[in-house]
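Participant: As a plain string of letters, each chain reads:
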Amino acid sequence: MPGPEERSSGFRILEHPADIGIEAWATTTAEAFGVAAHGLISIILDPTLIQRRTTRVVELHATDRDQLLVKWLEEILYLYDGEGFVVRSSDVTQLTTTTLTATLTGEPFDPDRHESRLDVKAVTYHQLLITEGGGISTVRIYLDI
Amino acid sequence: MKQVDQFRYLLPKSYKKGMNVEGLVYADSVLIKQIEQDQTRDQVANVATLPGLVGRSLAMPDAHQGYGFPIGGVAAADPDAGVVSAGGVGFDINCGVRLLATPFAEEDVRDRLEPLLNQLFRDIPCGTGRKGQVMLGASAIDEVLADGAHWAVKQGYGQKEDLARLEEFGKLPTADPDAVSDRAKARGRSQLGTLGSGNHFLEIQRVDEIFRPEVAERFGLKQGHLCVLIHSGSRGLGHQVCTDALHLMDDGMKKYGISVIDRQLACVPVKSDEGQRYLRGMAAAANFAFANRQMMTHWVREGFERVIGPGQINIVYDVCHNIAKTEDHEVDGKMRTVLVHRKGATRALPPRHPLLPKDLYDVGQPVLIPGSMGTSSYVLVGTDQAMKETFGSSCHGAGRAKSRSQAKRETAAGTVRKELKELGILVRCESKSGLTEEKPDAYKDVSRVVDVVSGAGIAHKVAKLLPRAVMKG
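Protein sequences, first through last, are from chains H and R. If you count by our numbering, then the first sequence holds residues 10 to 154, one letter each, in order. If you count by our numbering, then the second sequence holds residues 21 to 493, one letter each, in order.
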């Protein structure tokens, strides 16, 4: 898989003795948050089978940027596990240190059509990293499986 | 780390700045090398920096790197001066195992194992996103959270006698449904009676070897007979209770002037409003897990009856792996009440402990140690030694040795299936990744782990079980 310097946006899965991490990169941090959300969904099920049928707007508040990243991915996970809504794509329209607004596009989860992969239990602060500079933003986050 | 004896390694307070107590790792010369390969040792030391700990920060021989706390960690806090940490319990609150003993000898029913596995695979939903057979309304979910396995038995899932053989008798009375968020309830309402994915599984096993015949008999284990081991927890409900608590504790630390080395160790004083609220919510999530395993037990019994025939299937025991509980323990020669965090560790009560079921009072508590899917599992019994040095705790499994990505890279799902078939083990799996990521050699050698526990005297071996059929998410 090409590294951050070779492709303007993307994500890769990181190793952990028991669980899974995501490193996502893009030209802006807002976009990198969106790519990380896509990475999370890709761990749970096959994202190419999700249709763009409805949209939802989410607005989140946090005490700092790290917590905002954790809460953002927790929101994507909750929508799937608590409300049965799977996200095909997300557009983070506003991102400050403590607030995030995004539009999510996807559809209701259908266990017969969406090929499931793994249950993600939760999002963690373990080795969480957000870096910006040189025209590339990278976020790193680990998930409890 | 300083080797104390064949099975103990000490992490002195000088290992890391800020350690309030020593660390102690149970391992032999092979397992200690595996433990030293990841961040386990540092995480044992990080836990030792938490305020108000008593005794030592412990790691069992199956320990591996977790988030904040190591998996396989045990830490006890003073209820007045100490802290409670949601990370010290983990996301899967009351993830645990339950062992059922059947009256059927494997050799008599071998030809029906495949239809039996298919039946159980149909009746017990597994894998991510699969809904349970029951959809709980708002008042029903509160009843589950308050009453645990008792709720399930009242609904007809099992019998009253089952409750005696569950840790805490299947219900933590401190549970408060109001301390569980609506989000957590939303994640749980369709997931009661589901196995989950990841390392969760249901296995039909054969009692292969008995080490203590008189104890095995009292546990209801007979050579050559089939058992069923269920490994599952509190599903999305428990995960959300932990998630909510981590934020509450993250914010609460500022209020109480607590700072931690790793944000995932977020904690608040046991006595604080936040700490007490977490413990009430955690107890409710633990009850959800007890009810979850109780319902699956019922479907296992139904499946056996339908495919094999009538016969009494009894619960050997049900243990929690991820929990924090107020318990009485001997610390430096004196009895004290402490809050024990077990994250990937099993309570192991010795004979004559007041919390034992009456019929096992003179024997001790069954300690259930699942191995990986192609290898053996063990049943142990608690000892007095564990009460003296591990807050009555023992290991909880084999412990991962390889990351999921590494395991997946090494072997295709078809290969794992073929290797298991060659061992005579049937397998049904909802996802391909469930097979490759949980393949037998992704885990440490469970027999070695159990030998350390038994060598150190913190539990004794009773029986070894071999898998015959596995279902996974």
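Treat each hint with caution, since some may be false.
[To be verified] Beyond 12 Å from chain R on every Cβ pair, some chain H residues (computed):
1) His25
2) Arg62
3) Gln76
4) Lys80
5) His123
6) Ser125
7) His135
8) Gln136
9) Gly142
[As the list claims (entries may be wrong)] Cut-off 27 Å, straight-line C-alpha distance, at most; resulting in silico cross-link-like pairs (DSSO-like, lysine-lysine):
10) R:Lys191 / H:Lys80
11) R:Lys53 / H:Lys80
12) R:Lys151 / H:Lys80
13) R:Lys378 / R:Lys191
Since the hints were derived computationally from the structure, they do not count as laboratory data. Quantities reported herein were computed from a predicted structural model and do not represent experimental measurements. In this text, a Cβ means the ideal position worked out from N, Cα and C, and glycines have one as well.
Participant: Run every hint past the structure and note whether it holds.
Facilitator: Structure-based check of all given hints:
1. His25: 6 Å, violated
2. Arg62: Nearest chain R Cβ is 17 Å from Arg62 (chain H), so the label holds.
3. Gln76: 7 Å, violated
4. Lys80: 8 Å, violated
5. His123: 7 Å, violated
6. Ser125: Ser125 (chain H) not clear of chain R: closest Cβ-Cβ about 5 Å, inside 12 Å.
7. His135: 5 Å, violated
8. Gln136: Its Cβ does come within 12 Å of chain R, the nearest being 9 Å, so this is violated.
9. Gly142: 23 Å, holds
10. R:Lys191 / H:Lys80: 31 Å, violated
11. R:Lys53 / H:Lys80: The hint is violated at about 36 Å.
12. R:Lys151 / H:Lys80: 25 Å, holds
13. R:Lys378 / R:Lys191: 17 Å, holds
This entry does not satisfy hints 1, 3, 4, 5, 6, 7, 8, 10, 11, going by the numbered hints stated previously.
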